[in-house]
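2 protein chains.
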Amino acid sequence: MTETTYAKGLEGVVAAESEICRIDGEQGRLYYLGYSIQDLARYSDFEETTYLLLYGKLPNRGEIESFSKRMRISRDLAPEILDMVRNFPKEAHPMELLQSVVSYLSGYVQHKIQHSATCNCRDTLHQVVQLASVVAAWQRFHEGKDYIPPRQDLSHGANFLYMMRGEEPDEYEGKVMDTCLVMHAEHGFNASTFTARVVASTLSTCYCSISAAIGSLYGSLHGGANERVITMVEKIGGKDKAAAWVNQALDNKRKVMGMGHRVYKAKDPRAIIMEEFLLELSKRKNDTSSYDILKEVEKTFRERMEEKGKSIYPNVDFFSGGVYNLLGIPKILFTPIFAMSRVAGWLAHILEQRRDNRIYRPKSLYVGRDAREYVPLEKR
Amino acid sequence: MTETTYAKGLEGVVAAESEICRIDGEQGRLYYLGYSIQDLARYSDFEETTYLLLYGKLPNRGEIESFSKRMRISRDLAPEILDMVRNFPKEAHPMELLQSVVSYLSGYVQHKIQHSATCNCRDTLHQVVQLASVVAAWQRFHEGKDYIPPRQDLSHGANFLYMMRGEEPDEYEGKVMDTCLVMHAEHGFNASTFTARVVASTLSTCYCSISAAIGSLYGSLHGGANERVITMVEKIGGKDKAAAWVNQALDNKRKVMGMGHRVYKAKDPRAIIMEEFLLELSKRKNDTSSYDILKEVEKTFRERMEEKGKSIYPNVDFFSGGVYNLLGIPKILFTPIFAMSRVAGWLAHILEQRRDNRIYRPKSLYVGRDAREYVPLEKR
Chain A
578 MTETTYAKGL
588 EGVVAAESEI
598 CRIDGEQGRL
608 YYLGYSIQDL
618 ARYSDFEETT
628 YLLLYGKLPN
638 RGEIESFSKR
648 MRISRDLAPE
658 ILDMVRNFPK
668 EAHPMELLQS
678 VVSYLSGYVQ
688 HKIQHSATCN
698 CRDTLHQVVQ
708 LASVVAAWQR
718 FHEGKDYIPP
728 RQDLSHGANF
738 LYMMRGEEPD
748 EYEGKVMDTC
758 LVMHAEHGFN
768 ASTFTARVVA
778 STLSTCYCSI
788 SAAIGSLYGS
798 LHGGANERVI
808 TMVEKIGGKD
818 KAAAWVNQAL
828 DNKRKVMGMG
838 HRVYKAKDPR
848 AIIMEEFLLE
858 LSKRKNDTSS
868 YDILKEVEKT
878 FRERMEEKGK
888 SIYPNVDFFS
898 GGVYNLLGIP
908 KILFTPIFAM
918 SRVAGWLAHI
928 LEQRRDNRIY
938 RPKSLYVGRD
948 AREYVPLEKR
Chain B
578 MTETTYAKGL
588 EGVVAAESEI
598 CRIDGEQGRL
608 YYLGYSIQDL
618 ARYSDFEETT
628 YLLLYGKLPN
638 RGEIESFSKR
648 MRISRDLAPE
658 ILDMVRNFPK
668 EAHPMELLQS
678 VVSYLSGYVQ
688 HKIQHSATCN
698 CRDTLHQVVQ
708 LASVVAAWQR
718 FHEGKDYIPP
728 RQDLSHGANF
738 LYMMRGEEPD
748 EYEGKVMDTC
758 LVMHAEHGFN
768 ASTFTARVVA
778 STLSTCYCSI
788 SAAIGSLYGS
798 LHGGANERVI
808 TMVEKIGGKD
818 KAAAWVNQAL
828 DNKRKVMGMG
838 HRVYKAKDPR
848 AIIMEEFLLE
858 LSKRKNDTSS
868 YDILKEVEKT
878 FRERMEEKGK
888 SIYPNVDFFS
898 GGVYNLLGIP
908 KILFTPIFAM
918 SRVAGWLAHI
928 LEQRRDNRIY
938 RPKSLYVGRD
948 AREYVPLEKR
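Going down the list, the sequences are from chains A and B. The first sequence begins at 578 in the working numbering and counts up one residue at a time. The second sequence begins at 578 in the working numbering and counts up one residue at a time.
Misleading hints may appear alongside valid ones.
[To be verified] Derived lysine-lysine pairs resembling BS3-like cross-links, with alpha carbons at most 27 Å apart:
(1) B:Lys844 / A:Lys940
(2) B:Lys862 / B:Lys752
(3) A:Lys940 / B:Lys832
(4) A:Lys940 / B:Lys842
[Claimed, not checked] To be clear about the criterion: a stretch of chain B counts as covered by chain A if any three or more of its residues have a C-beta under 8 Å from a C-beta of chain A, and this derived list gives those stretches:
(5) 632 to 644
(6) 664 to 672
[What the hints assert, rightly or not] Quick list of the computed label-pair ranges, beta carbon to beta carbon:
(7) A:Pro666 / B:Arg839: 23 to 29 Å
(8) A:Arg935 / B:Pro907: 52 to 58 Å
(9) B:Tyr951 / A:Glu594: 23 to 29 Å
(10) B:Arg839 / A:Gly639: 44 to 50 Å
(11) B:Leu942 / A:Glu880: 25 to 31 Å
(12) B:Arg946 / A:Arg935: 21 to 27 Å
(13) B:Arg949 / A:Pro666: 27 to 33 Å
(14) B:Arg839 / A:Ala843: 41 to 47 Å
To be clear, the hints were calculated from the coordinates, so they are not data collected in a lab. Don't be surprised by glycine CBs; every beta carbon is placed ideally from N, CA and C.
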């Protein structure tokens, strides 16, 4: 390639090779290390999927038992971390807290391991596990309630719901929560994963890299789509108003949230599973209001697009907010939950980056002014 | 450009246009917004340079008075932040603490300002100012001493030394410290600045972006060069042993730290100023031991390179560690001090990124395996 390829936003540039994630947007397929997201959602759980991402293979019984145990004993938060969560200003966003806590946690791990560039992130699973505990604790304190210590007999997703609510979720809720974490654990290169890799490429620690990635995910161009879908559902207010709302939005060239995807031209496979969860949960909770509104939005939107010869499907964010809502999770936690899940993928990318590292060092093109004389203060 | 330019580490790719920094490596010149680093080092100070970087021009008297006042009243640390510093595990690195504190600080600013993607980082100078206070406080606690509240009548550099030592530095020391901050405030695209821009490109906050950049700077391929120079000086132990040490290092193809620069082919202009500081401070403190060793290293190294027809100069890191040492600053603070200074440049780049934003979204090339069947646990 030439010395001076200019690619604003790095568009069209391949920055690295990767073995972790394959997205087949035409066919609507997503694979982690070759395993389809449908299979992982149905048969796996978040702990096993994390193992798969970090080791590149499915664990045998001994491996998953030891890995799962390491994750579960790391769930409880140290008193200093609880203080950070408790003292964090009420009006601030939990994503900022998460970013802060992950950096701070790095002080608590064995430093001989952690400070080496070749540190095995797989030994210190704090940063994977404790995100969930911090999010749950933040919500408890935010509601003026006490911290609920973790339980070791629950899955990662079920334990999160338990720590947040203070009571054990039923089996189906636990499965849904855990599977949502599986489905968001990895999705190839995107701004947060790229951020994690850029930081890792300086041979910084996995904590520093993940903290940085959380900062990226907080950006409104990256995370937050499912939050905006629920805001839309709230604005619409009822199934009977959905068609008119969508028509008006499209007439006024406003964006309908959660429809279409930059990569998936066929239906996002995660959206299919998420829709099933939303329907089943809605039935079990006798509250189909969000589901009904969403389906009406989808129907109207797709009809309007088909008139233009376009086939556009809802994406995973279209249904996930409704699922989280029915699990009792407030909107402000949607992006933190994304981080709780994606941290597994970030770690996988950090490890991959280290295996064949080159520091990311693009150039900039100087378009500023020529040299000028310094003018003393009294002459300005 | 083609759709599939592969540029490992983004080498040779121009990722953005920038007006902030010009480096003329051939001539050994460095400019911030058109002003030479020599002029800024001689006539400006860290507060004025920060203003220049954030506003693109030198301030008039009214502007600098109000800006400087805003910076100085932000120096003191909140009790919760002091707790974070105090509770941070002793064996952990202050860079991790800095990264954590910057994210945490974002909870303390007016959120209507801060959470908007167009937030004016220039109003909330916490993240610039408080880094210095956190570094000083960390050092105090690390030595088992009390926090020293800041003074508003000192320059940014002098106040840092005051908060770290508990006594006021003399005028020359204050000027040297402040000028070191001026000289490290900006240096174009590099991994940490690029990280700040990647995070900013998601429309995340300036705090999140700077926190991420700190994580990058902590990487051993990025920050830490001056720390390694001082370690080398300590290993050499005396002027009379320097020539032999360098010869042996070169014979064994070991790297001599602080010599040469990826960008500067002529002498790094900051190295010239830093060398003057080191010589003058050494005389004033009656301790020329580091200076003598360094000059002997330089002489031997340059002679050996000249034999091969190469002209390689010492860079800024070659002398800065010695300067910091004579100011009473321990090695572990060298990279945190780099962050205290570079934060001004990071902010300038965040603002520039926002003015003409496109999210950084490079691609990856999938080189992993084909789809495979999920194997149940009992069959693995």
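Right, here's what the structure says about each hint:
{"no.": "1", "hint": "B:Lys844 / A:Lys940", "in the structure": "holds, 21 Å"}
{"no.": "2", "hint": "B:Lys862 / B:Lys752", "in the structure": "holds, 16 Å"}
{"no.": "3", "hint": "A:Lys940 / B:Lys832", "in the structure": "holds, 26 Å"}
{"no.": "4", "hint": "A:Lys940 / B:Lys842", "in the structure": "holds, 17 Å"}
{"no.": "5", "hint": "632 to 644", "in the structure": "holds (count 5)"}
{"no.": "6", "hint": "664 to 672", "in the structure": "holds (count 7)"}
{"no.": "7", "hint": "A:Pro666 / B:Arg839: 23 to 29 Å", "in the structure": "violated, 42 Å"}
{"no.": "8", "hint": "A:Arg935 / B:Pro907: 52 to 58 Å", "in the structure": "violated, 32 Å"}
{"no.": "9", "hint": "B:Tyr951 / A:Glu594: 23 to 29 Å", "in the structure": "holds, 25 Å"}
{"no.": "10", "hint": "B:Arg839 / A:Gly639: 44 to 50 Å", "in the structure": "holds, 48 Å"}
{"no.": "11", "hint": "B:Leu942 / A:Glu880: 25 to 31 Å", "in the structure": "violated, 38 Å"}
{"no.": "12", "hint": "B:Arg946 / A:Arg935: 21 to 27 Å", "in the structure": "holds, 23 Å"}
{"no.": "13", "hint": "B:Arg949 / A:Pro666: 27 to 33 Å", "in the structure": "violated, 48 Å"}
{"no.": "14", "hint": "B:Arg839 / A:Ala843: 41 to 47 Å", "in the structure": "holds, 46 Å"}
Hint violations for this structure: numbers 7, 8, 11 and 13, all remaining hints satisfied.
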